[in-house]
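Sequence order for the protein chains is A and B.
The first sequence lines up with residues 960 to 1133 when you count with this note's numbering.
The second sequence lines up with residues -8 to 193 when you count with this note's numbering.
Don't take each hint at face value.
Said to hold, decoys possible - DSS-like cross-link-like pairs, simulated, lysine-lysine; straight-line CA separation at most 25 angstroms:
| no. | chain 1 | residue 1 | chain 2 | residue 2 |
| --- | --- | --- | --- | --- |
| 1 | B | K18 | B | K(-7) |
| 2 | B | K155 | A | K1083 |
| 3 | B | K174 | B | K71 |
| 4 | A | K1007 | A | K1064 |
| 5 | A | K1083 | B | K18 |
| 6 | B | K27 | B | K42 |
| 7 | A | K1027 | B | K193 |
| 8 | A | K1113 | A | K1126 |
| 9 | B | K174 | B | K140 |
| 10 | B | K137 | B | K71 |
| 11 | B | K141 | B | K29 |
| 12 | A | K1027 | A | K1083 |
| 13 | B | K18 | B | K140 |
| 14 | A | K1132 | A | K1121 |
| 15 | B | K163 | A | K1083 |
| 16 | A | K1083 | B | K42 |
| 17 | B | K119 | B | K71 |
| 18 | B | K27 | B | K140 |
| 19 | B | K155 | A | K1063 |
| 20 | B | K140 | A | K1083 |
| 21 | B | K34 | B | K140 |
| 22 | B | K174 | B | K45 |
| 23 | A | K1064 | B | K155 |
| 24 | B | K72 | B | K104 |
Unchecked claim - Simulated coverage check for chain B against chain A, where a stretch passes if three residues somewhere in it have a Cβ under 8 angstroms from a Cβ of chain A:
| no. | region |
| --- | --- |
| 25 | 115 to 123 |
| 26 | 182 to 193 |
Everything labelled a hint here was simulated from the structure, so no lab data went into it.
Where is the CB? At the ideal position from N, CA and C, for every residue including glycine.
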Amino acid sequence: MYFNKIFPALGLLVYLFAGTGCSFGSKSDKIEEISIVNFEQLEPKFSKTDDVLYVVNFWATWCAPCVKELPDFMAVNSEFSNSDDFRMILVSLDDSDNLEGPVKKFIEDKNLKGVELYLLDDIKRMNEWIPAIDSSWSGSIPATLFIRNGKSLKFVPGAIEKNELRKIILELKI
Amino acid sequence: MKTFVKYLATLIITSLALTSAFAQGYKVGDEATDFKLKNIDGKMVSLGDYKDAKGFIVIFTCNHCPYAVAYEDRIIALDKKYKALGYPVIAINPNDPEVQPQDSFNLMKERAKSKGFTFPYLIDEGQKIYPQYGAQRTPHVYILKKEGKKNIVKYIGAIDNNYKNANDADQKYVENALDTLLKGQDPEVKSTVAIGCTIKTK
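Same shape as in the complex, but just chain B (with noise of 0.2 angstroms):
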């Protein structure tokens, strides 16, 4: 019996351990990985593909939730603004089109089409990308600056402070960010809480 206990004791604090690692995420600091991620042509796409670039704005969105939509026209306007100085965005949806149809390769597909997005939207099939990132909502941010051969998590959260309105939004906590990446310092706000969907797993 107490070997037993001792057993199940070990158990429950290793999963413990071990979730509440996965759990966590990055922290501004961290290095994240790269991927190979499917995008909506069929082709793979990994950070390590843009040679060029200074960093990348990572964007965990989707299709469906009120709250990626509002900020759809703001994503694309990031992209057409820093893609040109070093900083693409890399749009990835992290949920799993069983729990959520709206989210499937298909309509992702047609989403991208009728917006006209500026860039790769790939899908984290098998959900083995997010959670190693931290991400917990729709559209959560993670802005990495190339730093040698890693990507360096610079700023985690919000797009900026009005999720329902775009020309009422006074802080642009990302644009902000990048600005001053681009200046080569580090950002003021380094994260913000991220106001969005609860991501869609099993």
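With the rest of the complex left out, here is chain A (with noise of 0.2 angstroms):
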């Protein structure tokens, strides 16, 4: 008879919980944050007059050498992410649909933190946006674009190794 009321009340304490629950782990357990954009939206976080070199790096979750490469990425955005003169950012070209899942999953299990995320949802004008990033670019991924103050300064079409990595990095610092 008291069910009526109970159940309610209870699932209303769950509920409570299961809202808060976020907040019980540590902060290492959440994902970074992705978002969609076109490319008038991501050019400007690269482009900025900061003195800042932005690796800038094209992947996605279908594209194997892709795959294989970010955990070296990770680990040389661990060696230099204290800098304040560098940023690492990876521009997903995966479709838009799998944003929510496929994406983010891969985004979990592989742990991508301390770097800036987007995806690059902007079919119609990649005959526009390959051409800006870099002239020589077929649009193939891997690729990843050297930048700072606007101006490209190194880009790499294909995978790169993590010393080569951090080679091209300190080469390039201030």
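Two chains, two frames, a set of hints: combine them into the complex.
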């Protein structure tokens, strides 16, 4: 007889506890936020005149060599992330339909933290933004752009091994 | 030691030059090579077979690549419209079936049959043709126009600007190029970035 009142009350209690569950976890459990952007929104993120060396890596969950090099990129990023003048940005070219499922799951599984994450969804203007990133770029991934104060310093199509990535960053740092 | 270094240097420079020459492929304005490639009906096909054509829509495409598949209906539509106007589609599978079994000759036959391809679907056996064109993706389009005895490249790149949604493609590169060519002028947009899967080779 009292079940009608107890169940909703219990339900409310469970809901309240579950709702606050996130705050019980440690900060490192939270996955890095990723937002969908078009190129107009993306470009300013790495073109600021702030003397920061931006390492912009283009990748996708379906791209095997991209996935293979990401741990190296994360390792190198943690070596430099304390510097004010260094920032790594990972730009996914995954289908935007897959953001909530495969992409976010991938980010969580691979622990992609300490980097800025975007998903570039701008299919109709690929013929504009691909050459804008680099005139020699065929659009294939992985590809990495090294840019500071809006000026492209280096563009590397293809995978970059850990030591090579570190070497490039050291050479380009002011 | 000195001569060895010289020899090695020459070898390296020459091979670099050769690979870059091949990696380039055609530019708009170049003459495109003819070929003799096997069609899904077993017969050999060359551009020279088409005495009445004004030109060709050469499309490097394949069975497996999701981008190529997304464009299949549009490729059939292009052939249906422009074949009658003198520009037939000639589809060529550039992939090595040993690397990508889904792009085997038998599966080409199946795909063409199930989709009702209205054009030749040729296999680039030995993969000698696509490197000369410089194709890097599937699909990758080369519009050729006959000028005298030559087939001149007039457009290179993507079919339109939305691989995902045909109804939301607002820049129909290939159609626009063909319409302009049919008026006797050169296309305004002569080349675009080809979007698709890489070509499979050993």
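Which numbered hints does this structure break?
Failing hints, ascending: 1, 4, 12, 16, 17, 20 and 25.
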